[in-house]
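Participant: Sequence:
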Amino acid sequence: MKTVSVLEAKNQLSKLIRTVRAGEQVVIANRGEPVARLTAVDAVSAGAARGTATAILELAQAHRPGPRKRSAREIDRAIADERAAWD
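Note that our numbering has the sequence shown beginning at 10, numbered continuously upward.
Relax, there's no trap hidden among the hints.
Below are the EDC-like pairs computed for lysine to aspartate or glutamate, each with C-alpha atoms no more than 20 Å apart in a straight line:
1. Lys11 - Glu33
2. Lys78 - Asp90
3. Lys19 - Glu33
Quick caveat, the hints were computed from the structure, so don't treat them as lab data.
Work out the full structure, taking the sequences as your base and the hints as a guide.
Facilitator: The following block contains the structure:
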């Protein structure tokens with residue numbers, strides 16, 4: 010497993026991605042302390058991530074409030090106000 014600093018990771022990201030694609034893991038350290046690990050995404054975890062994202066979107070859409078329903082009286086008042094503005 011290769012370890013690089015944050016600065017090295019920033020400057021050599023393309024090279025690190027090639028390393029990860031080749032099957033090696035890369036640890037990114039901040040001031041010598043490991044803070045992140047770069048690993049290849051396999052097909053199973055990629056599919057799971059897409060499924061999770063889809064589930065989150067569906068949940069958010071299900072709980073999204075619909076359009077506000079206004080009574081006939083409120084609509085009539087709004088129309089009258091708009092017409093009065095043109096007089």
